[in-house]
Amino acid sequence: MYVKIDYHRCIGCGTCYERCPQDVFTWDEDLNMPGVTYIEECWFCGCCWMDCPKRAIDITYPASFF
Amino acid sequence: MAQRIEQVAEQVIETDVLIIGGGIGGCCAAAKAREKGLDVILIEKANIDRSGSAAQGIDHYEGFFTRDGMTTLQNVHNEDWRLGRYGARYPNLNVKYRLYKNQFWVFEELEKLGVPMRWDDGEPYWIPFSFVGWERKKTGLRVHWTNIKPILAKAVRKSGARVLNRTMAVDLLTNNGRVVGASTINVRTGEFIAIKAKATLIATGKMMRLYNPETPLPWKYKFRYHFCPASSAGDGYALVYRAGADLVNMDITGWTFRHRDDLTISYGSFSLNDGVPMKCYTWDGCEVINPNATRYRQLEEQGKTPIYFSFDHFTDDFHKRLEVGFADERLLSFKIAQDRGFNPKTHRYELQDMRPTGFYRVSGIYIDDEFRVLRKSVPIEGLYAFGDGTAGGTGGVAGAASGGLLLADSLPVLLKDIPEAIVDTAQVKNHKKIALAPFSVKDGVEPLELESALRHLCERYVGILKSEGKLREGLRRLNSLKGWIPKLSAKTPHYLIGCMECRCLMEMAEVHIQACLERKETRGNYIRVDYPEIDRSMDGKFICQRIEDGRPVLEMKEHVPLKPEYLADAQEEETTKR
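So the protein sequences, as listed, match chains A and B.
Going by our numbering, the first residue of the first sequence is number 1, and it counts up by one from there.
Going by our numbering, the first residue of the second sequence is number 1, and it counts up by one from there.
A few of these clues could be false.
BS3-like, lysine-lysine: derived pairs with alpha carbons at most 30 angstroms apart [what the hints assert, rightly or not]:
id, chain 1, residue 1, chain 2, residue 2
1, B, 335, A, 4
2, B, 491, A, 4
3, B, 320, A, 54
4, B, 563, B, 36
5, B, 101, B, 36
6, B, 196, B, 320
7, B, 557, B, 541
8, B, 541, A, 4
9, B, 220, A, 54
10, A, 54, B, 158
11, B, 416, B, 158
12, B, 154, A, 4
13, B, 36, A, 54
14, A, 54, B, 154
These are calculated hints, taken from the structure and not from any lab test.
So that you can see chain A by itself, here it is in the shape it has in the complex:
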């Protein structure tokens, strides 16, 4: 919900899955796409958003951050 992958833009390069400092993503072998699985452990650093070559990730903060 707070880290959203736009699968129309995603090319399955795996960068977000490879680089996430908190291992928030998992990889779907069948779809060849990442999924946000451990969102509770996200610290919203934005590395995935910065490094995605297709800007396919959109991030907002959870309400509890405010």
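With chain A held as given, fit chain B onto it using these hints.
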């Protein structure tokens, strides 16, 4: 028949240098050690391209001392001790001396690794640092380091170091008091890997996670820390402690105002203010001079909170520079804040009550000026450490980079004639059992839940306003909480990260509480409400803890003075400059 290590571990690897932790420090050490011709394995629980405290970037490099030299640093250090300031806790100033003498060499080495040390005009951009404490006189650099980690990761790969990403150390391997490598596990595949090494370097960062960040919910989103949670778990502290090393200053945490507002801009760029103090106001516009823990409590009781930092007395140039700084260190936060209408000129940053932050720079692994990890003040063979986890002054960006580069540079000499590592298979087997145990637990507890309980314990029973009764109750509760450790469960290998971190944090909580019980005084922002005065008998001393014969031991140690030759060198330098 005795089992061989290859029958226990899925992989057994041998190397000259094992580096645990691939942040700025670990990456610098890896590249340098390779340049010196050593075989290097770098393990990182995440991925070196985006790991450590600077995963998403950093805007400052606070590495340069003023021309005052070490004699003045010694004087400032002594003065800060007299006044009880936090910054005066480095147990051994000789470590700082190594960094001081080599700061420009480090600058050049970083440039050789492809790190951008200069500003847009091609020159170093010097800034004074306005952090409170004796380091206020230091200068540092403003840097565009949004992508410091990808840059260093590239340099590491180019150097030929073997990188094992998603690989976490379970425990150090020891043999007759010598450290001979580590048992590790891949936290994506569950593969157990034993690594034998002549030298093991700890570069795992700081420890923050004994205390809560800002997020209030009891369950979700428990990682609203300023620094990367993965490198704030104190892994290295626990690893070396279990191997018999000294941990020092474990009573002392940093303290900060909890900073939280509706735009959730994190700090980090406040260093840009050219030494001009920020101004602090109550909600109704009264200026607050020198806000601190006591002052905040008074204001709260008087109905004068919330209080805010304001930058509106700064120049427009500063506000533009602030925006650039946020982009260098916290691009996502800045983008989200902008979308929500953030205005750097008019924004007021709410400060909340002062809370413990974490253990780094002065609390943690006890090292000497060769970056050797100590036990009873004597180096443990084969074990080294640098970066935020060391209580030696190798904290911060520059400390990590400098420590990593200087240590790696001297490793060929340090490792000369070191015999091959002998590994105890029984030890490896035990490590594997510990690491994989959570897979077998049914209906257990998830690591983040147990960690939340631990953080609550430290908040409630340690916190800022410490006292005997609370600390003792905290210890009692901690012993009870430890009963949950065997119930930690992992549905997938990912959960092993949290399980191992939880195990480390539980051990370190006990060390922390015992240290707080020992320090019966109030000194600076370390507050024992039952001992409100400074105890002068503790001047010049620090708390040192380790395990001996399976039991925790605590002693007071004297600060290590500057070596005569360093003092003479610094005095000569000062005379020459005049």
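Tested hints:
1. At most 30 angstroms may separate the alpha-carbon atoms for a hinted pair to count; residue 335 of chain B and residue 4 of chain A meet this at roughly 16 angstroms.
2. A hinted pair counts as satisfied when its Cα atoms are at most 30 angstroms apart, and residue 491 of chain B with residue 4 of chain A qualifies at roughly 24 angstroms.
3. In summary, the hint linking residue 320 of chain B to residue 54 of chain A is supported, as the alpha carbons are separated by about 29 angstroms, within the 30 angstroms threshold.
4. The straight-line distance between the Cα atoms of residue 563 of chain B and residue 36 of chain B is roughly 28 angstroms, inside the 30 angstroms bound, and the hint therefore holds.
5. Between residue 101 of chain B and residue 36 of chain B the CA atoms are separated by roughly 21 angstroms; this keeps the pair inside 30 angstroms, and the hint holds.
6. Taken as a hint, the residue 196 of chain B and residue 320 of chain B pair is broken in the structure, with Cα atoms around 51 angstroms apart against an allowance of 30 angstroms.
7. Annotation: proposed proximity of residue 557 of chain B to residue 541 of chain B holds, straight-line Cα distance about 5 angstroms (limit 30 angstroms).
8. Proximity of residue 541 of chain B to residue 4 of chain A is assessed by CA-CA distance (about 52 angstroms); at most 30 angstroms being required, the pair is judged violated.
9. Pair hint residue 220 of chain B plus residue 54 of chain A holds up; C-alpha atoms about 29 angstroms apart against a cutoff of 30 angstroms.
10. For the given pair, residue 54 of chain A sits about 26 angstroms from residue 158 of chain B by alpha-carbon distance, which is consistent with the 30 angstroms threshold.
11. Taking the CA atoms of residue 416 of chain B and residue 158 of chain B, the gap is near 25 angstroms; set against the 30 angstroms cutoff, the hint holds.
12. With a C-alpha separation of about 28 angstroms, the suggested pair residue 154 of chain B and residue 4 of chain A falls inside the 30 angstroms cut-off, and the hint holds.
13. Simply put, residue 36 of chain B and residue 54 of chain A have alpha-carbon atoms about 39 angstroms apart, too far for the 30 angstroms limit, and the pair is violated.
14. Pair hint residue 54 of chain A plus residue 154 of chain B holds up; C-alpha atoms about 21 angstroms apart against a cutoff of 30 angstroms.
Hint violations for this structure: numbers 6, 8 and 13, all remaining hints satisfied.
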